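Q: Residue-level listing of the chains:
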Amino acid sequence: MNIAVCVKEVPSATSAKRLDPSTHRLDRSGDSELNPFDVHGLEEAIKLREAGHEVEEIVAVCMGRENAQRPLQKALALGADRVVLLTDPALAGSDISGTAYALATVLEGQNADLVILGQQASDADCYVMAAAVADHLRRPLVTQVASLSLEGGTLRAKRQTEHGYDVIEAPLPAVVSVSDAINTPRLPSIKAIMGAKKKPTDQVSAADAGIDSSRVGEAGAQSVVRSVSPPPAKQEGRRIEDTGGDSAGAIVEFLAERGVI
Amino acid sequence: MATIVFMDHDEGAFNPNSLGVLAKAASLGGEVTAFVGGSGIDDAWAGGLGAYGASKVLVADDAALAGLPQPLVDALEPHAREADAVLFGAGVVSADVAAGLAARVGSGINCETTDFRLGDGGAVAVRPALGDTVMVESSFASSPAIILGRANAFAPEPTGSGTAPVERVEVTVQEWSSAARMAGREQAETGGVDITEADVLVAFGRGIGGPENIPVVEQLAKALGGEVAATRAVVDAGWTSYSMQVGQTGKTVSPKLYVACGISGAIQHKVGMANAGVIVAINKDVNAPIFEFADLGVVGDVLTVMPKLTEALAAR
Numbered sequence: 001m002n003i004a005v006c007v008k009e010v011p012s013a014t015s016a017k018r019l020d021p022s023t024h025r026l027d028r029s030g031d032s033e034l035n036p037f038d039v040h041g042l043e044e045a046i047k048l049r050e051a052g053h054e055v056e057e058i059v060a061v062c063m064g065r066e067n068a069q070r071p072l073q074k075a076l077a078l079g080a081d082r083v084v085l086l087t088d089p090a091l092a093g094s095d096i097s098g099t100a101y102a103l104a105t106v107l108e109g110q111n112a113d114l115v116i117l118g119q120q121a122s123d124a125d126c127y128v129m130a131a132a133v134a135d136h137l138r139r140p141l142v143t144q145v146a147s148l149s150l151e152g153g154t155l156r157a158k159r160q161t162e163h164g165y166d167v168i169e170a171p172l173p174a175v176v177s178v179s180d181a182i183n184t185p186r187l188p189s190i191k192a193i194m195g196a197k198k199k200p201t202d203q204v205s206a207a208d209a210g211i212d213s214s215r216v217g218e219a220g221a222q223s224v225v226r227s228v229s230p231p232p233a234k235q236e237g238r239r240i241e242d243t244g245g246d247s248a249g250a251i252v253e254f255l256a257e258r259g260v261i
Numbered sequence: 001m002a003t004i005v006f007m008d009h010d011e012g013a014f015n016p017n018s019l020g021v022l023a024k025a026a027s028l029g030g031e032v033t034a035f036v037g038g039s040g041i042d043d044a045w046a047g048g049l050g051a052y053g054a055s056k057v058l059v060a061d062d063a064a065l066a067g068l069p070q071p072l073v074d075a076l077e078p079h080a081r082e083a084d085a086v087l088f089g090a091g092v093v094s095a096d097v098a099a100g101l102a103a104r105v106g107s108g109i110n111c112e113t114t115d116f117r118l119g120d121g122g123a124v125a126v127r128p129a130l131g132d133t134v135m136v137e138s139s140f141a142s143s144p145a146i147i148l149g150r151a152n153a154f155a156p157e158p159t160g161s162g163t164a165p166v167e168r169v170e171v172t173v174q175e176w177s178s179a180a181r182m183a184g185r186e187q188a189e190t191g192g193v194d195i196t197e198a199d200v201l202v203a204f205g206r207g208i209g210g211p212e213n214i215p216v217v218e219q220l221a222k223a224l225g226g227e228v229a230a231t232r233a234v235v236d237a238g239w240t241s242y243s244m245q246v247g248q249t250g251k252t253v254s255p256k257l258y259v260a261c262g263i264s265g266a267i268q269h270k271v272g273m274a275n276a277g278v279i280v281a282i283n284k285d286v287n288a289p290i291f292e293f294a295d296l297g298v299v300g301d302v303l304t305v306m307p308k309l310t311e312a313l314a315a316r
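Residue numbers (this note's numbering), protein chains in the order written: chain A, 1 to 261; chain B, 1 to 316.
Read the hints as simulated data drawn from the structure, not as lab findings. Please note: incorrect hints may appear among the correct ones.
35 Å max Cα-Cα, derived DSBU-like pairs, lysine-lysine [claimed, not checked]:
1. A/K47 to B/K284
2. B/K256 to A/K234
3. A/K47 to B/K251
4. A/K234 to B/K284
5. A/K191 to A/K17
6. A/K234 to B/K251
7. A/K191 to B/K284
8. B/K256 to A/K17
9. B/K308 to A/K234
10. A/K234 to B/K56
11. B/K284 to A/K197
12. B/K222 to A/K17
It should be emphasised that the depicted structure is a prediction, and the values quoted were computed from it without experimental measurement.
Hey, can you work out the whole structure from these sequences and the hints?
A: Right under this line is the structure:
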């Protein structure tokens, strides 16, 4: 079987995050990284291969900028066999709906029995991509999966709801999004990092993928940002740097001052 | 403006987030239709949504609609195509249905919505973004506008005591969308400590390293006269029980003091505890989102700070 893992390039945790005031798009000029939630998706694909399922190929599928290469090298070092990068100026400014359509169109061509997404992207806090992609692909869906197993062409997934846990079975091909608690991703070895450079990256344009350009990008966006404003003012919190537990006295003082001890 | 509110429910109880969005939509004036999909729906129960402002309730009752999202998209789709806006409260099933519907009908979707307007100019939705550092207001280029609320953003206050008329609708489910099946459910265990009643909570996340360090958290909670709570990630990982979980799919708490130990403060956690009186966060990652909304942020090793703090409290 083949597994496709959707991955996203996001601003790194240390970059200041801001919206460009003129385009209302996320400013992506700073350092970037592989969306940390997607690392759990890659790890799960590798675990399925290690569990003895005949996984012929793990392909990482990314829609992003042409210079998303560094985060994609990480996806390869973590265990993807190949990367497909969908990149095109026409895709810039796509909303959730346009992105889901574009990703699904690329995934159609990958012959994947299982499509795995992370639970959300760390930049947009969007946690609905898997459900939208599954509907485009007309495939069964399980989101927020906390444990996953495969048996004879059927997946079995446990996921948390507001009431406890549901256990859901679905025939392959299927789409899942995985919780960040599903596994503890490994760090890539030096050998894997070096090996990643030899793995193939296919770069495709919107036209190559057969994407209808009127449905993507800013022109195709169905959700349109009208304005961006600061949130209601809130009192800034106090900050202490601790060394060896030396903050304990100051914490106690703060709690006493606030009348909570 | 024709508005539909999707009503998530489980075991005969509506999701409070769905009720909150219904009440908010009704408060804006105009007719609001509630949509209830499921198996074995009682008309009188569904009609009771009149008390939250529904003018009419559509009931889609079919064995295929028992708990999984994709068949619900099938059931909702024909009605959504006639509407100007389809609204959802926060919820695991609601989010899946909202996004599936957006893909199906080619609409825009606004997630994490904390406010919205409905009117002749079209629907407008507001959401906090980038770690709640900006408020983004969006409109929609086509109908229906699909709006998914943030957890606890809309209070489920009844607006009256009326009963709404119920209309049973046809359900046609596609083969692929009913291919997944519910193989089993584990209800949340009941009993034990009710963390929603505690004045002081000491909560932990994966930053404490492993379940072997939970006693260190318990000792700090004891020194503060409080109870222990946890994040979704440590519950999903099996370190502790679901009844201890704070956040979107767990409990909503508002203690006088909330001490977050090794918790990054993802939005799913924040929505369950942001109303705590005083929030103290201990985390080694200076970029953790929790420092954006903690009253006191301690940047340091949580396993070093917790025992020292327990000692200092004992010495008072």
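Q: Now tell me, hint by hint, if it's right for this structure.
A: Structure-based check of each hint:
1. A/K47 to B/K284: holds (29 Å)
2. B/K256 to A/K234: holds (18 Å)
3. A/K47 to B/K251: Status holds; Cα separation ~32 Å.
4. A/K234 to B/K284: Distance ~24 Å between A/K234 and B/K284 Cα, so the pair holds.
5. A/K191 to A/K17: At roughly 33 Å apart (the allowed maximum being 35 Å), A/K17 and A/K191 satisfy the hint.
6. A/K234 to B/K251: holds (24 Å)
7. A/K191 to B/K284: holds (30 Å)
8. B/K256 to A/K17: holds (31 Å)
9. B/K308 to A/K234: Roughly 30 Å between the alpha carbons, so the hint for B/K308 and A/K234 holds.
10. A/K234 to B/K56: violated (40 Å)
11. B/K284 to A/K197: Holds: B/K284 and A/K197 sit about 33 Å apart, inside 35 Å.
12. B/K222 to A/K17: With a Cα-Cα distance of about 39 Å, the restraint between B/K222 and A/K17 is violated, given a limit of 35 Å.
Consistency with the previously given hints fails for numbers 10, 12, ordered from lowest to highest.
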